[in-house]
Every structure is written in C-alpha cells, then in structure tokens.
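Got chain A; can you put chain B on it based on the hints?
Each chain, written out:
Number of protein chains: 2
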Amino acid sequence: MKLVRPTLLLDEVKCKKNIRHITEKARKAHVKLRPHFKTHQSHVVGAWFREVGINSCTVSSIKMAAYFARDGWDDITVAFPLNYLEVEEINRLAKVCKLNLCIVSVDALKKLTEKLTQSIHCQIEIDTGYHRTGVDATNYPAIDEIVSFISTHPLLTFKGFLSHAGHSYAARSSSEILKIHMDSVALMKTIGERYRNRFPKLELSVGDTPTCSVATDFGGIDEVRPGNLVFYDLMQRVIGACTSEQIAIAMACPVVAIYPERNEVIVHGGGVHFSKDFLKTEDGTICFGEVVKLTSQGWEQPARPVYVKSLSQEHGILAVPAPEIQKIKIGDVLGILPVHACLTADAMGEYVTLDGKVIEAMTGSA
Amino acid sequence: MKLVRPTLLLDEVKCKKNIRHITEKARKAHVKLRPHFKTHQSHVVGAWFREVGINSCTVSSIKMAAYFARDGWDDITVAFPLNYLEVEEINRLAKVCKLNLCIVSVDALKKLTEKLTQSIHCQIEIDTGYHRTGVDATNYPAIDEIVSFISTHPLLTFKGFLSHAGHSYAARSSSEILKIHMDSVALMKTIGERYRNRFPKLELSVGDTPTCSVATDFGGIDEVRPGNLVFYDLMQRVIGACTSEQIAIAMACPVVAIYPERNEVIVHGGGVHFSKDFLKTEDGTICFGEVVKLTSQGWEQPARPVYVKSLSQEHGILAVPAPEIQKIKIGDVLGILPVHACLTADAMGEYVTLDGKVIEAMTGSA
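If you're matching them up, the sequences are chains A and B in order.
Heads up: the first sequence begins at -15 in my numbering, then just goes up one per residue.
Heads up: the second sequence begins at -15 in my numbering, then just goes up one per residue.
Here chain A stands alone, though its shape is the one from the complex (with noise of 0.2 Å):
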C-alpha cells in the first residue's frame, strides 16, 4: 500500500480482536454490551460488532443516531442530555427504531412532550461521581420528580438508570479504576433498589472504557456502553485500561523536514488530524502522539519512545534524540500512535485498512 499524506490506518485485526474480546467478556458476565459508536462513527466498523452477535449501540448526538439508523441499526441509546430542540429529528428518528433518551432533567423532558408524538423510552442519567452530567445519586427528589412524570405521559417509557463513570480518566492504575467502578457500581444498584418494586423491568446502564477493560464483575449490572476500546489510544494506555499492542489505529505521517541541530523531525499530521489532547509524560513532558515504525504487517514499537511534542494546523513536531533522528529520512512514513482515538478518527471522518481498504465515516460535525 503506498501512504503519500496523512491516513488514518486501521488495524482490522487488532480491533475486531478488541470487539471479541468484550463481546465474551460481556457474554461471561451476563451483561448486555450496547457499544458506544462515538469512536469509530463508522457502518462498516458498527456491522463488525453486528457480526459478532451485537444488536443495539449507544451514540453521543442525535445527528449520529440517524446515521446508524440509516445503516439499519434500530434500537439506539443517546447517551447525551436530552436537547429538546431537536424535537422534530426525534420524532422522524423514533419512527424508524427504539429510540432511548437520556434524562437529567425533568424541565427538558415536559418541554420535549409539547411537541412529540413517537413514542420513546426515558434513561435517567445519574451522576455517581464524575460531576458533568446527571441526577446526583442521591437526589431522590429530583430522580422521583423525572420518573412521575415519565409514568404519566403515553408516549414515554421508563427504562431505567444509566451513569458514565468518566472520573475513570483520572485513575493511573488498574486498582484505582477497579474502586471507581466499584463505587459507582454500588450507587446505581442503591438506586435500582429504590424502584425495581415499581418498575421490575427497569434497566442499569453503566459504562466508561478504563472501568469496562479492568472489571470483570457486573454483577446487578443490566448493559454496559463501552466505546474507545474498539480503538484503544495512548490514554487508555497511561489509564492503565490496555497495552500498546491493543491500540488498533495510527496516524500515517510523511516526514517532510529534518532539524538535526534542535533534534526535531517534521511531519505531515496536525490538529486537523489528530485533534489536539494531548498527555504529560511521567517527566512532565507534553505528549501529542508516540511514533511507531509502520511495516508490511502493521506497526512497531520502537526501542526509545519518540514523541510528538506539538502539533499546529497541519505540522506534527516530533521530539527525536541522536541516534535515532540520523536513521530519518525525508519521505520516510511514520506511523503515530494518537492520544484520543474519538477524537482522531472523528477529525479523519474515514480509515484505511492495513490492506488498503478505504473505510468510511460519518464527517464534519455540522
């Protein structure tokens, strides 16, 4: 395959390792995987886990949730606060699937009903520590206020509780995303217990790659949402949530300017590429990528890790000490492990396969 510009490779091997990989895992645990389809945003990479048994996903945005209806996917979470504006695309969108809404407010839900008229099926989102969305775990007015008013409308289902234990990304180790999973794990269930008299269908949703890679135990858990673990990247790696050889996608990179005197490589691959988070390394250095040599069957680890130390519109500035900056050649094609897969893969909007299959994505964020 010959790579002249920044491609986004994708190694098919490795991620539908990964998708079978939490598919048993999940079958084992007697847990329900509803994958979160923010990462790849990719038909050809959602019929992957379909392949695999998978019928239901998770998506972040309602404009997403359309996309895989149109791919025929038809009972789809919106793990997003409900926007009630988006009230006409809902009901054009619930007509066609299962269309389940994430709840952190009762005000949105009694807004959404002036003008709805599918029927749909209400998640309280519950905030067990993470402090970005959702009811805290706590609140049970404002939790028994959501489910009232869900019981009274004709049109809305209650389905049950889901939370994002995203406080995960803090945690440096395995022991210390295994206590967040823990601790959040015990909050829904507290909640669960509350109205399962009620509701005995109702449904606990959770679901955060690092907790999803490290636990094994769901027990009292009904779907779990995963998304980045179809991927993996550098900061599920310093998370503790996988190992380099799991990372299924890097960055193809021509290099176009060599600075031996200030150790610095030059490549092709930017912020439109990659998006911009970035990493601090244990000695505090900022880390936008980890160059890895591509070969005939995907790519290596190099001895010395080599950082990409900044990244501006379309460069990539790689930090790369002697000896290993004098084996660089102008045209040489690295290969760039990304900080954030979402959103790199989102930034690319498609991936080629290590055998040179272009495969599509949803693009541009409009």
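Treat the hints as calculated values from the structure; they're not laboratory data.
Computed from a predicted structure; not experimentally measured.
Be careful, since some hints might not be right.
[Claimed, not checked] Pulled from the structure, derived: some chain B residues nowhere near chain A, Cβ distances all over 12 Å: (1) Trp32; (2) Glu35; (3) Arg182; (4) Lys185; (5) Val251.
[As the list claims (entries may be wrong)] Keeping only pairs whose Cα atoms sit at most 30 Å apart, straight-line, the calculated DSSO-like set for lysine-lysine is: (6) A/Lys94 <-> B/Lys311; (7) B/Lys264 <-> A/Lys264; (8) B/Lys79 <-> A/Lys(-14); (9) A/Lys293 <-> B/Lys163; (10) A/Lys(-14) <-> A/Lys277; (11) B/Lys277 <-> A/Lys99; (12) B/Lys341 <-> A/Lys99; (13) B/Lys311 <-> A/Lys99; (14) A/Lys79 <-> B/Lys313; (15) B/Lys79 <-> A/Lys79; (16) A/Lys293 <-> B/Lys94; (17) B/Lys95 <-> A/Lys311.
Positions of the beta carbon are idealized from the N, C-alpha and C atoms, including for glycine.
Leaving out everything else, chain B in the frame of chain A:
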C-alpha cells in the same frame, strides 16, 4: 432562523469587512495579498476575496490546493514543506494551475524531480525565528544549494522566498508583534538583496495574521499571506491582533443541563465541534471559548465574560457565576466565540450565515 444543534454561525458582514480591511491595507502598502485559505476552507468565502480583486491564494496541503483549483483558483501557493510523495497529485494540479511549492530541503526537491512531469514554481521557506520549518535565515550554503538545483532543472522556476513568523502568536501586544514583524522582514530583505541580481523578479512573501493585522509598513516585501484574519478568534484578541467586534464566527450551542450548585452550565458543543485549543486567561483560568448572547442581528458581548472551562467529545462545560446562571434556561441557545477559528471551522465543515444560508467547506482531513 431556528438553531437546534451545534451550528457554526458566520457573520457575513463582519467577515467581508475583515476581507475589505486587509485588501485595502495591502493595496495602500503596495504589497500583494495572497490570503491563506486554510482558515475558511470554503469555495464561497474564497469567492468573497475574488469579488474584491484577489486572484491568488495560499493553502496548507495539496488536497486543499486541489479543492480550490476545482473552483477555478489558478495561482496557488502551498505553504507547507514539499512532500514529494504526493508527486502524482502535484503533476495533476500543476497542469491546471500555477502551483507554487514551499521548499525547505534540496533532498525533497531532488526526489520530486525524479517523477515530476509539469512545471512548478519554487519558493524557499526561510526560518526567521519561529523555528518550526524553513532554512535558517543565515544558512547561505543551504539556500545556495537549493537555488542552484532549481536553476539547473528545466521544470523548476525560482519564485523567491517565503517566511511565516509564527512566533508572533506568543506576542501579547501590538508593540511585541511589530518587533517580530520588523525583525522578520529585515531578515527576508537581506536574503532578497543577496539573490536579486541573479533573479530580478524574485518575490519576498511573509504572512501571519498578527503581523498583517498590526503592521502597516511592508516596504521591500512583495506579498503577504494572512489567513486567520478572515474570521479572527479569541487567540488573536489575546495576542492583540483584533477586537471582539471583528470576530466573525461563533458557535451556537444549545443548553442541555444546568448545575447552579457548582456554577456550571452544559451545552451541546464539544471537542468535535471546537477542536481543543485553549487559552489561559490572566488569572490562570483555562478557556476553550467565550460566551456571547445571540441576537437577531448576530451576537453581543455580555457585561461579564463567561468561559467554556472544559470540553469533552460533545459536551461543553461553562463556568457561569451567580447571578448570570439564574438567567439561563435549558433550551437556550448560547453563542460561543472560538479560541482557534481555523481548527473550529475545520472540525465543523460548514457555516450558517445569520440569515440562514448554509455555506459548505471541505470536510474530513483524510
């Protein structure tokens, strides 16, 4: 106009005023304006430059050059170091337009000529202090070597020297910007003098938005290539290159959750919409955007600034103190000025004008 989801608003009046302003300034200064189109990446906005007499442009990739060539632009400078791996696309493009490539090393140019079939114009990029790419301004042997190679090859025409004083982005006042401009221009003129006897038609091209916004004296310079000033953004305001009133784009973001107990408002508008460049405000606060009030005529600055404190993939988290937070309701649509217009425009892939026209742009970075 009904705004229901994250939408990148473009104030056509402000944008055209920015375009007129730089066009008139360039005319008065007797310097050619070759605007950088990487900021807007849109045929429509490009056409607004054409309407005021601009007939050549700058781009940051061969892919972007091809996009604008398809709209009839026939004199295009690619202000990114030559990537000779793209020779096939370069040959195709150079058939339909005057293609000016940016050379930072003789090696890349030699490699290019092995498969080059069309005439191209070469500009040597000079590093005047930014230290990203380019030949050091005093490295005459390297410059001589490139000039000699160009002179001997029948398909190559030497067009002159190009620089990008990107270190102006570290400035925080007009006087700092002007100092960088004068130093950079002085280095370029010295190089120009050295080669003008042999190449009487050589051109000196400089350009970045801060220096082009603040400087009025471009004596001895032939061409300027600013890009960002078509829209401007918070970064440029902090640098001292524009005022808030000149910023011509704002993201419309629906409010989906409000947490008065922690002074936070959550909007739909995240990293996939804004990208993730941020600023540190004077008191050390991180800022991913600044809230404005949307009106029927566009937007207005609030009395007290309200910042976007963090972004996840689809969520924007605003820090909103009391009493402002009491005035915000779920379903309100807030305007947010972006930190870095170029990356935000690239992430969105389209604009909507204040009267509801959709303006398309290039989408996907693959």
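Hint check:
no.: 1; hint: Trp32; verdict: holds, 20 Å
no.: 2; hint: Glu35; verdict: holds, 25 Å
no.: 3; hint: Arg182; verdict: holds, 25 Å
no.: 4; hint: Lys185; verdict: holds, 27 Å
no.: 5; hint: Val251; verdict: violated, 9 Å
no.: 6; hint: A/Lys94 <-> B/Lys311; verdict: holds, 19 Å
no.: 7; hint: B/Lys264 <-> A/Lys264; verdict: holds, 17 Å
no.: 8; hint: B/Lys79 <-> A/Lys(-14); verdict: holds, 23 Å
no.: 9; hint: A/Lys293 <-> B/Lys163; verdict: holds, 27 Å
no.: 10; hint: A/Lys(-14) <-> A/Lys277; verdict: holds, 15 Å
no.: 11; hint: B/Lys277 <-> A/Lys99; verdict: holds, 26 Å
no.: 12; hint: B/Lys341 <-> A/Lys99; verdict: holds, 26 Å
no.: 13; hint: B/Lys311 <-> A/Lys99; verdict: holds, 24 Å
no.: 14; hint: A/Lys79 <-> B/Lys313; verdict: holds, 29 Å
no.: 15; hint: B/Lys79 <-> A/Lys79; verdict: violated, 51 Å
no.: 16; hint: A/Lys293 <-> B/Lys94; verdict: holds, 29 Å
no.: 17; hint: B/Lys95 <-> A/Lys311; verdict: holds, 18 Å
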